[in-house]
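Fit chain B to the supplied structure of chain A, relying on the hints for placement.
Those sequence lines, one after another, are chains A and B.
For the first sequence, our numbering begins at 1 and goes up steadily by one.
For the second sequence, our numbering begins at 1 and goes up steadily by one.
Incorrect hints may have been included.
[As the list claims (entries may be wrong)] Straight-line alpha carbon distances no greater than 25 Å define the calculated SDA-like cross-link-like pairs of lysine to any residue that follow:
no. : chain 1 : residue 1 : chain 2 : residue 2
1   : A       : K101      : B       : E57
2   : B       : K69       : A       : I115
3   : A       : K78       : B       : Y17
4   : B       : K74       : A       : E105
5   : A       : K78       : B       : K69
6   : A       : K53       : B       : K83
7   : B       : K69       : A       : D108
8   : A       : K63       : B       : Y17
9   : B       : K69       : A       : R13
10  : B       : K69       : A       : Q7
11  : A       : K101      : B       : D49
12  : B       : K77       : A       : D108
13  : B       : K77       : A       : K63
14  : B       : K83       : A       : E105
15  : B       : K69       : A       : E103
16  : B       : K74       : A       : S3
17  : B       : K69       : A       : G61
18  : A       : K101      : B       : V64
19  : B       : K79       : A       : K63
20  : B       : K83       : A       : F35
21  : B       : K69       : A       : L117
Bear in mind the hints are in silico, worked out from the structure with no lab data behind them.
Fair warning: this is a prediction, and the values are worked out from it, not measured in the lab.
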Amino acid sequence: MSSVIKQFLYVNRKAPYGTVYALESLEVVLIGAAFEQDVRLMFMDDGVFQITKGQETTDIGMKNFSPTFGALGDYDVKYMYVCKQSLEERGLTVDDLMDLKWEDEDDDWAEKDSIILVDRAEIKSLMTDADVVLSF
Amino acid sequence: MGLMVEGKELETDEEGYLLDLNDWTREAGAELAKTENLEMTDSHWEVIDFLREYYDEYQIAPAVRVLTKAIGKKLGKEKGNSKYLYELFPYGPAKQACKVAGLPKPTGCI
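The shape of chain A in the complex, shown without the other chains (with noise of 0.2 Å):
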């Protein structure tokens, strides 16, 4: 393992299914999470899509990987940011979305929210903050 942590931001801007490009970074993601990295993910245009409640894939033939985001908290990644505008022109809300939780071994094990909504300008400050962004 690495003794250096950097702060990774995937930007998911893809919608779920139709590319590879979200499960890709899905995969990526894991992997990143699982070198004990802080791993961040971003959701913005269509790529709020992916973890949307509900998602039934029979009849497109792909694997719904979204239970998978569910995981994440246990791989320590902590903070999912949602762009509030992408959700706006879709039509969606906060409650549209997956419940995604982290539990926070410093406090007694409590459950805490992933998903943060955040607008235009404190993503470009994100991506400021962050050593490596990778967009999907």
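Only chain B this time, still in chain A's reference frame:
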């Protein structure tokens, strides 16, 4: 190359992992354990059952660090450490336990 279970051949990859996790039964698990020279006990099966439940819920096999933490939480602190898991699965809990559980190799396990 396949795995013979109760007279039926199940498809496996070149390393002996089941190709279709729906093929898995406890009997298949027992046969997979033999290919890894594992002497299965209740403690082994406890980990296998945990892995299958985790996969059902999240659609992935957890990385060792995550498995260790989750086992500790669910089955008790004395089991939530890598020493315990490596005693059960000497060649790596991820590799061996996932194989016996009929799951794909864990993501992030290089």
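Hints violated by the structure (listed by number, smallest first)
Those not satisfied are hints 3, 6, 9, 13, 16, 17, 19, 21.
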